[in-house]
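Heads up, the sequence shown is in numbering that gives the first Met the number 0, so the first residue is 0 and it goes up one at a time.
Note that these hints are calculated values from the structure, not bench results. You may find that some hints are simply not true.
Said to hold, decoys possible - With a cut-off of at most 35 Å between alpha-carbon atoms, the simulated DSBU-like pairs for lysine-lysine come out as follows:
(1) Lys220 <-> Lys186
(2) Lys168 <-> Lys141
(3) Lys50 <-> Lys120
(4) Lys63 <-> Lys200
(5) Lys168 <-> Lys200
(6) Lys200 <-> Lys220
(7) Lys47 <-> Lys63
(8) Lys119 <-> Lys50
(9) Lys50 <-> Lys272
(10) Lys186 <-> Lys200
(11) Lys63 <-> Lys220
(12) Lys259 <-> Lys220
(13) Lys120 <-> Lys259
(14) Lys168 <-> Lys120
(15) Lys171 <-> Lys200
(16) Lys63 <-> Lys139
(17) Lys141 <-> Lys63
(18) Lys166 <-> Lys120
(19) Lys139 <-> Lys186
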Amino acid sequence: MTPPRYYLARFAQTFGYQRKNQRMGDAASEMHLLREAEAQLGFSIWEKIEKIEELSVEYWNLRKLTQEREIIQKNLTLYQGRLEQAHEERSSVLNRTPVIHQTLADHRITLLQSLEDFAKKRDQIVAEAREVRRSYDGMKTKLEVISMNAPNDHEIAGINVRLGELKEKFAKLKQQRIDIGNDIEAKDNQLDVLDQELDEKKKALRTHASEAFQIIGDGNKEIAILRAEFGVLESQMRQLYAEIGRYVSRNAQHDPACGKAAASHRGLIDIMKAIRLSIALNHRLAGTD
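Please model the complete structure; the sequences and the hints are all you need to start from.
Given below as structure tokens:
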């Protein structure tokens, strides 16, 4: 949305030509582009903002997170190497075991994979429950503030309904976590039974095979944990990039330090400025400014 198009749209509105939904949709799409641009700008220049006092928190947090990410990446490489070696050992064992023993071994791999999948799903549920709890706490705080300042019965009723919904959702997530825990326990029991059967079928190779499978199971779990931690770090860093990009792009013209940090990205900053103007104009046309 450029100024000429804005004035044309305002002129059309005088004749009753309203397109509020489209304006809001355009603004939402542009806001998404703006957030992407802010994150990209922050990613590109964050190492140049050490001297900008207003961004010192973001800069040093990124330094810390970068170091943590490097450690996680090294551990991932280490565990993946061990896992590849364990897979090679497992293949060697399976190639020289009887068919029935190999069938049992394949079944064990399936169980281990199921356990890993359950563990990932449980982590997802725990993360979702944590967000629901955050929303619940936020709504409770909102209710307290509204109740102390000229309470509106209709608004309070709506908040209570939302609190009830969040509480119910949290309870469902908690039950899902319990159910998955039971599934994991059941799979563990199956795994125990299968291990015993493997021992009975081929005692001579049991120790070697169990070690290989154990390494694979532990390696998969450790890799899953490390990848989850890596994803969390990436998300935190992206948020910091966005905050840096937002601040620098807004202050590049009148703050010499910001201008210097973003000197090689002037074109991107101009585009971001145009997007912000377009968002504001779309909101104005939609009557939401």
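Worksheet item: Would the pair Lys166 and Lys120 pass a check requiring their Cα atoms to be no farther apart than 35 Å?
Response: holds, 21 Å
Item to complete: Quickly compare the C-alpha distance for Lys200 and Lys220 to 35 Å and report which way the hint goes.
Response: holds, 27 Å
Worksheet item: Taking 35 Å as the top limit, are the C-alpha atoms of Lys186 and Lys200 close enough?
Response: holds, 21 Å
Discussion item. Would the hint linking Lys50 and Lys120 be met if the CA-CA limit is 35 Å?
Written reply: Cα-Cα ~43 Å, so violated.
Discussion item. Run the distance test for Lys168 versus Lys120: straight-line Cα separation, threshold 35 Å.
Written reply: Holds, because 17 Å separates the two Cα atoms, which is no more than 35 Å.
Discussion item. Please verify whether Lys63 and Lys139 have alpha carbons no more than 35 Å apart.
Written reply: holds, 33 Å
Item to complete: For the pair we were handed, Lys63 and Lys200, check the Cα-Cα distance against 35 Å.
Response: violated, 52 Å
Worksheet item: Within a Cα-Cα threshold of 35 Å, do Lys120 and Lys259 meet the stated pairing?
Response: violated, 46 Å
Worksheet item: Straight-line Cα separation of Lys119 and Lys50 no greater than 35 Å?
Response: Roughly 41 Å between the alpha carbons, so the hint for Lys119 and Lys50 is violated.
Fill in: Pairwise hint evaluation, Lys220 against Lys259, where the allowed Cα distance is 35 Å at most
Violated, at roughly 45 Å.
Fill in: Pair hint Lys50 and Lys272, alpha-carbon separation not exceeding 35 Å
holds, 24 Å
Worksheet item: Holds or violated: are the alpha carbons of Lys141 and Lys63 at most 35 Å from each other?
Response: holds, 34 Å
Checked against the numbered hints listed earlier, the structure breaks hints 3, 4, 5, 8, 12, 13, 15, 19; every other hint is satisfied.
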